[in-house]
Amino acid sequence: MKIVVCVKQVPDTETKVVIGGDGLSIEPTDVKYVMNPYDEYAVEEALKLKEAAGEGEVIVLTLGSEDAQPVMRTAMAMGADSGILLKAENAALADGLAVAKALASEIKTLDADLILTGKIAIDGYGHQVASMLGELLDMPVLPTAKTLEIVDGVATIHRDIEGGKETVQANTPCVITAEKGLNDPRYPALKGIMQAKRKPLEIKDVVLDAGGIEILEMSYPARKPEGRIVGEGPEAAAELVKLLRDEAQVI
Amino acid sequence: MSNILVFAEQRDGQLKSYALEAISEGRCLADGAGGTLSVCVIGAGITDLGATIGSYGADKILMADDAGLAVYSPGGYAKLLSDALSSSSAEVVLLSSSAMGRELGAILAAKADASLLSDVVETTWDGDHLVVKRPIYAGKAFLRVAAKKAPVLVTLRPNVFAAEEKSGAGSVENMAVALGDADAQVTVAETVMKASTRPELTEASIIVSGGRGMGGPDNFNIVEELADTLGAAVGASRATVDAGWRPHADQVGQTGKTVSPNLYIACGISGAIQHLAGMNSSKCIVAINTDPEAPIFKVANYGIVADLFDVVPALNAAAKELLA
Numbered sequence: 001m002k003i004v005v006c007v008k009q010v011p012d013t014e015t016k017v018v019i020g021g022d023g024l025s026i027e028p029t030d031v032k033y034v035m036n037p038y039d040e041y042a043v044e045e046a047l048k049l050k051e052a053a054g055e056g057e058v059i060v061l062t063l064g065s066e067d068a069q070p071v072m073r074t075a076m077a078m079g080a081d082s083g084i085l086l087k088a089e090n091a092a093l094a095d096g097l098a099v100a101k102a103l104a105s106e107i108k109t110l111d112a113d114l115i116l117t118g119k120i121a122i123d124g125y126g127h128q129v130a131s132m133l134g135e136l137l138d139m140p141v142l143p144t145a146k147t148l149e150i151v152d153g154v155a156t157i158h159r160d161i162e163g164g165k166e167t168v169q170a171n172t173p174c175v176i177t178a179e180k181g182l183n184d185p186r187y188p189a190l191k192g193i194m195q196a197k198r199k200p201l202e203i204k205d206v207v208l209d210a211g212g213i214e215i216l217e218m219s220y221p222a223r224k225p226e227g228r229i230v231g232e233g234p235e236a237a238a239e240l241v242k243l244l245r246d247e248a249q250v251i
Numbered sequence: 001m002s003n004i005l006v007f008a009e010q011r012d013g014q015l016k017s018y019a020l021e022a023i024s025e026g027r028c029l030a031d032g033a034g035g036t037l038s039v040c041v042i043g044a045g046i047t048d049l050g051a052t053i054g055s056y057g058a059d060k061i062l063m064a065d066d067a068g069l070a071v072y073s074p075g076g077y078a079k080l081l082s083d084a085l086s087s088s089s090a091e092v093v094l095l096s097s098s099a100m101g102r103e104l105g106a107i108l109a110a111k112a113d114a115s116l117l118s119d120v121v122e123t124t125w126d127g128d129h130l131v132v133k134r135p136i137y138a139g140k141a142f143l144r145v146a147a148k149k150a151p152v153l154v155t156l157r158p159n160v161f162a163a164e165e166k167s168g169a170g171s172v173e174n175m176a177v178a179l180g181d182a183d184a185q186v187t188v189a190e191t192v193m194k195a196s197t198r199p200e201l202t203e204a205s206i207i208v209s210g211g212r213g214m215g216g217p218d219n220f221n222i223v224e225e226l227a228d229t230l231g232a233a234v235g236a237s238r239a240t241v242d243a244g245w246r247p248h249a250d251q252v253g254q255t256g257k258t259v260s261p262n263l264y265i266a267c268g269i270s271g272a273i274q275h276l277a278g279m280n281s282s283k284c285i286v287a288i289n290t291d292p293e294a295p296i297f298k299v300a301n302y303g304i305v306a307d308l309f310d311v312v313p314a315l316n317a318a319a320k321e322l323l324a
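Each protein sequence line maps, in turn, to chains A and B.
If you count the first sequence from 1, position 211 lands on 211 in our numbering, and the numbers rise without skipping.
If you count the second sequence from 1, position 314 lands on 314 in our numbering, and the numbers rise without skipping.
If you're looking for bench data, these hints aren't it; they were derived computationally from the structure.
Note that the Cβ used here is the ideal one computed from N, Cα and C, for glycine as well.
It is possible that part of the hints are untrue.
As the list claims (entries may be wrong) - Once the Cα atoms are required to be at most 16 Å apart in a straight line, the calculated EDC-like pairs of lysine to aspartate or glutamate come out as:
id	chain 1	residue 1	chain 2	residue 2
1	B	283	A	226
2	B	320	A	239
3	A	204	A	66
4	B	148	A	214
5	A	146	B	190
6	A	87	A	202
7	A	165	B	200
8	B	111	A	138
9	B	194	A	162
10	B	148	A	217
11	B	133	B	122
12	B	283	A	246
13	B	257	A	162
14	B	194	A	226
15	B	149	A	209
As the list claims (entries may be wrong) - Between beta-carbon pairs, the in silico distance windows are:
id	chain 1	residue 1	chain 2	residue 2	range
16	B	290	A	70	36 to 42 Å
17	A	205	B	231	52 to 58 Å
18	B	247	A	245	30 to 36 Å
19	B	244	A	167	18 to 24 Å
20	A	167	B	228	27 to 33 Å
21	B	87	A	167	32 to 38 Å
22	B	187	A	22	45 to 51 Å
23	B	322	A	193	55 to 61 Å
24	A	204	B	221	53 to 59 Å
25	A	209	B	87	37 to 43 Å
26	A	147	B	127	47 to 53 Å
27	A	205	B	188	38 to 44 Å
28	B	173	A	65	47 to 53 Å
29	B	45	A	12	46 to 52 Å
Could you build all of it, start to finish, from the sequences and the hints given here?
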């Protein structure tokens with residue numbers, strides 16, 4: 001079984017966003033970059049599938065700058081066999097379809113049985129690349145998997161939907177996105193980290209399709225007017241409820 | 001002149017509240033550009049919905065009503081929406097930022113070679129170009145983005161745009177439905193709906209959330225009781241989800257759900273940066289915490305510095321009395 005896992009390098013969730021001098025991107029100084037948390041579940045799941053099958057290959061695929069390599073090495077230290085970095089400038093907030101096209105054209109050459117990735121990248125929050133990949137590769141997409149089982153070429157996932165749960169199936173090859181809870185990603189062991197340094201990581205230059213969008217400006221959330229402490233005990237509850245009804249008019 | 005197409009999401013014959021919001025926003029955009037507003041609705045036994053959609057300002061209602069469409073299938077629905085895009089010659093397509101809307105938007109974008117702008121909170125026309133505002137890093141910052149190529153697809157964040165009834169009725173056009181096996185690559189084997197009567201987190205106009213200060217999973221009953229009094233959804237911080245107290249579906253924050261209700265009540269939540277990112281666009285925020293220095297108070301409109309185990313039941317009693 002050949003599994004391609006798409007991973008993205010993103011700023012850690014603790015990052016305080018500072019807008020850079022160009023007004024269009026974030027200031028990278030002091031930002032700690034990590035593997036997109038949902039992609040970690042995807043890597044772990046790929047490794048579990050390979051281990052359960054007793055054979056197979058896990059390829060990490062990243063679109064990003066040259067600086068994204070540490071994240072790919074992390075995936076390899078966890079156990080992925082090799083990596084392909086599609087090197088592009090300004091990939092972080094690029095048009096989703098342009099990203100999907102670049103990934104799809106590489107995946108087409110790999111003859112994979114399964115494409116795994118996180119359900120969303122926590123930087124751009126575009127929530128679209130995986131579904132686009134499915135369409136471009138003509139593969140079914142099983143989104144937000146909380147469990148995954150593959151038997152005789154049929155993938156079955158459980159996922160949460162608004163107000164309930166669903167069991168969904170598709171034939172492989174397919175694209176599956178990982179939701180929190182799918183597994184507990186392993187920490188790379190020292191041996192894995194040493195081995196990862198020698199694993200093949202191919203770097204290919206790609207030029208992203210311009211897409212149909214132009215980023216005009218990046219801004220901070222609107223500042224809220226100073227709040228007010230209503231009280232310091234349960235007796236403030238009645239006053240608060242009145243404020244919510246009469247002043248804020250939200251109940 | 002730009003024509004607008006809206007995908008109006010329905011489940012079980014009921015239009016979602018955010019579908020009405022999308023139709024209203026579509027009406028505004030169509031008026032701004034002197035174009036026609038078409039609304040596509042897909043399902044089984046949904047003829048009644050035409051009148052409602054018309055009353056929110058649709059000029060034309062593209063209705064795909066077929067027994068085979070009772071259960072959502074991404075391939076089948078996307079194909080029909082693609083047909084609707086062709087027949088409406090729309091330059092802007094609006095969907096909702098829900099699980100279904102996001103998925104259909106992405107598939108349609110790939111089919112139509114169009115860009116998709118997600119989770120949009122503001123739209124304007126700049127001449128012929130649509131310009132939108134959308135959050136990135138889960139709301140730690142926003143982008144203003146111009147669409148330079150038509151068509152462009154947009155998913156709107158629920159609860160942000162106003163739904164407004166108009167006088168008038170659109171003309172209904174029934175779409176031809178011919179689904180092949182290739183359109184159902186993904187099969188839903190089973191759906192189990194929760195018995196809960198609480199609203200969905202991302203759609204709720206009020207959310208009551210609990211954090212580490214709740215002390216344990218059993219204590220969430222006071223949060224749930226307050227939520228039920230207010231008709232609210234229950235949310236949770238990452239700490240409580242990681243501790244196994246609450247399901248991940250309830251998590252608000254950068255690795256959970258991004259929400260913008262009218263009222264967000266944070267109980268025992270200190271306000272980690274990734275949590276604030278997910279909820280600071282709420283219209284009114286209430287914080288209940290024993291620590292006056294907790295970051296949550298910096299984004300709160302109203303705060304009570306006290307033990308939540310005293311305040312939350314008192315709040316529930318006061319709310320019950322007021323709403324009775």
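These are the hints, each one checked on the structure:
no., hint, result
1, 283(B) / 226(A), "14 Å, holds"
2, 320(B) / 239(A), "14 Å, holds"
3, 204(A) / 66(A), "10 Å, holds"
4, 148(B) / 214(A), "7 Å, holds"
5, 146(A) / 190(B), "15 Å, holds"
6, 87(A) / 202(A), "10 Å, holds"
7, 165(A) / 200(B), "13 Å, holds"
8, 111(B) / 138(A), "11 Å, holds"
9, 194(B) / 162(A), "9 Å, holds"
10, 148(B) / 217(A), "15 Å, holds"
11, 133(B) / 122(B), "5 Å, holds"
12, 283(B) / 246(A), "15 Å, holds"
13, 257(B) / 162(A), "12 Å, holds"
14, 194(B) / 226(A), "39 Å, violated"
15, 149(B) / 209(A), "13 Å, holds"
16, 290(B) / 70(A): 36 to 42 Å, "40 Å, holds"
17, 205(A) / 231(B): 52 to 58 Å, "55 Å, holds"
18, 247(B) / 245(A): 30 to 36 Å, "31 Å, holds"
19, 244(B) / 167(A): 18 to 24 Å, "23 Å, holds"
20, 167(A) / 228(B): 27 to 33 Å, "29 Å, holds"
21, 87(B) / 167(A): 32 to 38 Å, "35 Å, holds"
22, 187(B) / 22(A): 45 to 51 Å, "47 Å, holds"
23, 322(B) / 193(A): 55 to 61 Å, "59 Å, holds"
24, 204(A) / 221(B): 53 to 59 Å, "55 Å, holds"
25, 209(A) / 87(B): 37 to 43 Å, "27 Å, violated"
26, 147(A) / 127(B): 47 to 53 Å, "49 Å, holds"
27, 205(A) / 188(B): 38 to 44 Å, "41 Å, holds"
28, 173(B) / 65(A): 47 to 53 Å, "48 Å, holds"
29, 45(B) / 12(A): 46 to 52 Å, "48 Å, holds"
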